[in-house]
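What follows is each chain in one-letter form.
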Amino acid sequence: MEVKVLFFGVLADVAGTSVRHYGDVGSTDRLMIRIQDDFPEFIHYNFRTSVNREIVNGDVLLNDGDEVAFMPPFAGG
Amino acid sequence: MEVKVLFFGVLADVAGTSVRHYGDVGSTDRLMIRIQDDFPEFIHYNFRTSVNREIVNGDVLLNDGDEVAFMPPFAGG
Amino acid sequence: MAEYLVEGPIDNELMTRLLAPPAGNFDAGATSVFIGRVRADENGGKKVVAIEYSAYDEMVNSEATKIIDQILAGFNNVKSISLIHSRGRVGAGEISLFVMVSAGHRRQAIEACSEAVELIKARLPVWKNEVYDDNSHEWKQNLPL
Amino acid sequence: MAEYLVEGPIDNELMTRLLAPPAGNFDAGATSVFIGRVRADENGGKKVVAIEYSAYDEMVNSEATKIIDQILAGFNNVKSISLIHSRGRVGAGEISLFVMVSAGHRRQAIEACSEAVELIKARLPVWKNEVYDDNSHEWKQNLPL
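Protein chains in written order, with numbering that gives the first Met the number 0: chain A, 0 to 76; chain B, 0 to 76; chain C, 0 to 144; chain D, 0 to 144.
Rather than coming from a laboratory, the hints here were simulated on the basis of the structure.
Hints may contain errors.
[Claimed, not checked] For lysine-lysine, the following DSS-like pairs were computed, each having C-alpha atoms within a straight-line distance of at most 27 angstroms:
1. C:K120 to C:K139
2. C:K78 to D:K65
3. D:K65 to D:K78
4. C:K139 to D:K139
5. C:K65 to B:K3
6. C:K78 to D:K78
7. D:K45 to A:K3
8. A:K3 to D:K139
9. D:K78 to D:K139
10. D:K120 to D:K46
11. D:K120 to D:K139
12. D:K78 to C:K46
13. C:K139 to C:K78
14. C:K78 to D:K46
15. D:K139 to D:K45
16. B:K3 to C:K45
17. C:K139 to C:K65
18. C:K120 to D:K78
19. D:K78 to C:K45
20. D:K120 to C:K78
21. C:K78 to C:K46
22. C:K65 to C:K120
23. D:K120 to D:K65
24. C:K120 to C:K46
25. C:K45 to C:K120
26. D:K139 to D:K65
27. C:K46 to C:K139
28. D:K139 to D:K46
Construct the complete structure from the given sequences, taking the supplied hints into account.
Structure representation (structure tokens):
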């Protein structure tokens, strides 16, 4: 299985990209471990997580093809 | 002495004109008596009175050249 | 004519001009606008096709100035206020009132614009004569809020 | 691009189009508009010359739809809602947000527009990168209300 991961705002700068793909991650918590391995500074940022464009809280199971986004506080307007 | 009297909204229809001049009226109450003599239906209408573009309440002394207006409830917007 | 009145409806050209920010002055991040249109209301089987507005021009001028001063005194973040009311005939769907308040931030822009609209309804000496599709007409009052 | 996003600033032509009433439908007497502009703020001696907005396009679309549905469900007198946000670069003084709510009467137009603006600020996945006059830039967050 593979999920698409989107990085927005300052997190795209931290990740050096706005999109990556991760395989073999069964849940958002496990995905976060992989991301913090790749980008240790991630832990310093405040963000929300969405799965398939819905905000999620806590650990959420991921399926093949899911779209996960890491989003700093919104700043529209 | 003479005052200029303005009629607005439905009161201009009642008076058949939007402006008249009245002489020898010392106060707004005395002006009203004259106006109700001229236009008996006036008493049926709800209105406010201004003197020189300021709303007044009660009986107010009038001076030569004053501008008195009889104004139905405002309906702007 | 008073500087806050325009003859007939407020058109797009005037609105576009009013909406332009003051040249070179970019400290107003928030603008709240209220637009009042003539509704094609039904009244006893007749349909409103227009409103004929009449106004006490000089007092519109003095009251509008007082309203603007009162808003500026009450909202320290407000940068500018515009208000324009129609006089004469405005057809159904056309604009008869335009109020715009710009402020640094949104709360004061929105609250000050809302308050300005209430003050205009309460204090601007303007009257409306509804014109119906059978050419009859009737003086109307604003309903209480 | 999401239907609620426009590339660059919201210009007069787009605003004029959005402000036009629906043809032949004249039951909305009150329209409340909120316009957000990029402020030329100072930040540590540097001046903001523009904001570069980025957005999660698909989620802007779904959240904007939810916001509109929520407003329509909460305000029975509201007839229509428009919302447009900029993506990409918007210069100081230019418009990045346009929200418009039309209703039969003024109270619901004003309150629903105000609520829509709060929901947009809270829920629309948009981010802003302030660009300064020395070409440096900085990601910013909205301040709490």
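Satisfaction of hint between D:K65 and C:K78, Cα-Cα up to 27 angstroms | Cα-Cα ~33 angstroms, so violated.
Quickly compare the C-alpha distance for C:K120 and D:K78 to 27 angstroms and report which way the hint goes.
-> 22 angstroms, holds
Between C:K65 and B:K3, does the CA-CA distance stay at or below 27 angstroms?
-> 24 angstroms, holds
Is C:K78 within 27 angstroms of D:K46, Cα to Cα?
-> Since the Cα atoms of C:K78 and D:K46 sit roughly 19 angstroms apart, the hinted pair holds (cutoff 27 angstroms).
C:K46 paired with C:K139 [C-alpha distance capped at 27 angstroms] | 14 angstroms, holds
Satisfaction of hint between C:K46 and C:K120, Cα-Cα up to 27 angstroms = 23 angstroms, holds
Given the hinted pair A:K3 and D:K139, is their alpha-carbon gap at most 27 angstroms?
-> 26 angstroms, holds
Assess, step by step, whether the Cα of C:K45 is no farther than 27 angstroms from the Cα of C:K120, and give holds or violated.
-> 25 angstroms, holds
Mind checking the alpha carbons of C:K139 and C:K65 for me, to see if they're no more than 27 angstroms apart?
-> Status holds; Cα separation ~25 angstroms.
Between C:K139 and D:K139, does the CA-CA distance stay at or below 27 angstroms?
-> Distance of about 51 angstroms is beyond 27 angstroms: violated.
27 angstroms Cα cutoff - pair D:K139, D:K65 = Within the cut-off at roughly 25 angstroms; holds.
Would the pair D:K120 and C:K78 pass a check requiring their Cα atoms to be no farther apart than 27 angstroms?
-> OK: D:K120 and C:K78 at ~22 angstroms, within 27 angstroms.
Hint compliance for this structure: hints 2, 4, 6, 7, 9, 13, 16, 21 are broken, all remaining hints hold.
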